[in-house]
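**Q** Here's the letter readout for the chains.
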Amino acid sequence: MEEILEILEKDCRASAEDIAKMTGKKAAAIKQAIKKLEKEGVILKYKAVINRELVRDTDSAVRALIEVNIAPQKDLGFDKIAERIYSFGEVSSCYLISGTYDLLLVVEGRDLQTVARFVAEKLAPLEHVKGTATHFLLKKYKEDGVILKHREENKRIAISY
Amino acid sequence: MKNIISKKVQAMQPSGIRAFFDLVLGMKEVISLGVGEPDFVTPWSIREAGIYSLEQGFTSYTSNKGLYKLRLGLARFLKHKYGLEYCPDEEMLITVGVSEGVDLALRAIINPGDKIIVPIPSYVSYGPVAELAGAKAVYVDTTKDDFKLTPKSLTKAIDKKVKAVILNYPSNPTGVSYTKRELEGLSKVMIRHNLLCLSDEVYDDLTYDFAHTPLATLKGMKNRVIYLNGFSKGFAMTGWRVGYVCAPREIVAAMTKIHQYTIMCVSITSQMAACEALISGAKSVQEMKREYKRRREFFIDGLNDIGLSCKKPQGAFYAFPSVKHFGLSSLEFSQRLLKDKKVAVVPGTAFGKCGEGYLRMSYASNADNLKEALVRIGDFVRGI
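Protein sequences, first through last, are from chains P and E. Each residue of the first sequence is one higher than the last, beginning at 0 in numbering that gives the first Met the number 0. Each residue of the second sequence is one higher than the last, beginning at 0 in numbering that gives the first Met the number 0.
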């Protein structure tokens with residue numbers, strides 16, 4: 000199982016047939032294992048890692064990290080208010096964190112105004128939200144283990160012993 | 000001016016693929032399976048240690064034998080990994096890759112007329128370097144024994160003049176390795192005939208089907224084994240050129256004499272980086288090994304599917320398939336494959352005469368490349 004995950008995490012396009020060859024197992028067994036992982040929610044989704052800096056005119060051209068201070072609710076803690084916040088389509092990631100703030104959001108928008116409007120009109124006025132601090136993202140270097148730049152050229156000589 | 004070049008060097012054969020290499024250089028979009036080094040770059044923590052050492056001003060010579068810190072680290076590393084015990088002061092020497100270790104070891108032990116046994120197909124340097132040192136290389140053809148030296152073939156090659164055997168496992172170019180049992184069989188012959196053994200185990204970390212056994216750990220062998228290893232393959236550090244030799248103290252002392260006059264010491268930057276590799280490199284080594292193993296399964300199956308028959312090699316990152324039934328020599332096959340389909344491989348003859356009919360293909364290349372290479376080679380062989 001762990002090996003299948005390691006392969007798919009590196010390249011989710013790897014077919015069951017290829018994975019079967021790499022691991023010395025039957026393709027049918029791999030297919031079944033993947034189905035099980037999907038069903039159990041271990042594998043949630045297959046997606047491409049895109050360098051947004053090279054794509055113009057998108058709805059997610061601007062990103063901001065937003066720290067949110069919230070008052071926890073009796074019996075519900077942070078979960079209920081967190082759900083109200085992460086359900087907004089503009090929020091692409093949402094984490095509960097320790098420290099000065101409670102939630103860390105990643106919010107995406109077409110431009111600065113869109114993000115600012117989201118904070119001012121949707122996020123900040125929410126009940127239990129006590130304060131926000133917005134940091135616009137200037138440059139992304141690395142995300143989820145992937146370094147975001149053009150692939151490095153192969154520096155090896157073509158034939159060696 | 001006549002006779003400028005020494006007779007010994009004149010007699011040396013230039014490496015068999017020089018012309019082939021030039022041909023590859025001039026072409027674009029070639030998929031190369033001809034590379035004898037990892038396709039990973041050195042893990043960052045190791046590179047960073049090299050950079051930091053430069054920032055700190057470590058730019059001097061080190062002791063001839065190498066940084067004590069590195070030798071001590073290696074002594075602990077080998078003890079922990081294999082239970083091998085060597086004294087960092089007297090039984091260890093840091094060399095410029097395993098290549099220098101092989102050269103020093105041979106020069107340290109050879110007298111004119113001595114013979115050195117080299118099982119072939121083998122890494123390219125063993126025979127020529129032995130002869131340069133004044134020995135006669137006795138080549139043992141292993142193609143009929145699955146590319147392995149056996150007690151029988153070894154015994155047959157031994158006469159009174161034979162001083163040492165060179166073993167390399169897992170092997171470049173065949174990927175074949177020896178189990179503990181097989182090594183025990185060979186060690187008995189070496190003990191019976193009082194032979195030394197240069198054991199080049201630089202691919203030890205890339206052994207897939209069983210645990211690697213260093214020859215020196217076998218009963219009665221430590222005092223006759225010159226253990227050669229390095230950081231190139233396991234830690235993806237080929238360009239740093241750091242190897243090491245562990246051997247009985249009188250041999251290390253003799254090798255150090257040559258080393259101090261010819262090399263002086265290994266680059267301090269590389270030695271500092273190697274120290275870091277011993278501390279933090281293990282996780283990366285395991286990750287790379289798992290990746291190579293998957294490629295091996297994928298690639299060897301793929302080769303067999305398209306008719307290049309090949310047993311599964313137990314280590315390193317090479318396949319050594321036979322192409323005899325296509326009616327082309329190794330060189331013709333390689334040249335035509337390169338011209339027609341832009342896939343570069345190394346003809347088996349580069350690794351000894353008996354390599355005729357075989358190719359060395361390196362699977363130290365990413366999965367997409369390997370897949371594409373298999374498609375192209377498949378197209379090629381259907382067209383022969």
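Simulated from the structure, these hints should not be mistaken for lab results. Any given hint could turn out to be false.
Computed far set for chain E versus chain P, every beta-carbon distance over 12 angstroms [claimed, not checked]: (1) V29; (2) D145; (3) P247; (4) K310; (5) A366.
Mimicking EDC-like on lysine to aspartate or glutamate, the simulated pairs with C-alpha atoms at most 20 angstroms apart in a straight line are [as the list claims (entries may be wrong)]: (6) E:K221 / E:D38; (7) E:K292 / P:D17; (8) E:K370 / P:D143.
Partial selection, computed: residues in chain P whose CB lies under 8 angstroms from chain E [what the hints assert, rightly or not]: (9) I6; (10) D10; (11) D17; (12) K20; (13) T22; (14) G23; (15) Y160.
The C-beta atom is built at its ideal place from N, Cα and C for all residues, glycine as well.
**Q** Each hint needs a verdict: does it hold in this structure or not?
**A** These are the hints, each one checked on the structure:
no., hint, verdict
1, V29, "violated (6 angstroms)"
2, D145, "holds (20 angstroms)"
3, P247, "holds (29 angstroms)"
4, K310, "holds (15 angstroms)"
5, A366, "violated (7 angstroms)"
6, E:K221 / E:D38, "violated (34 angstroms)"
7, E:K292 / P:D17, "holds (13 angstroms)"
8, E:K370 / P:D143, "violated (26 angstroms)"
9, I6, "holds (7 angstroms)"
10, D10, "holds (7 angstroms)"
11, D17, "holds (7 angstroms)"
12, K20, "holds (5 angstroms)"
13, T22, "holds (7 angstroms)"
14, G23, "holds (5 angstroms)"
15, Y160, "holds (5 angstroms)"
Hints 1, 5, 6, 8 from the earlier list are contradicted by this structure; the remaining hints agree with it.
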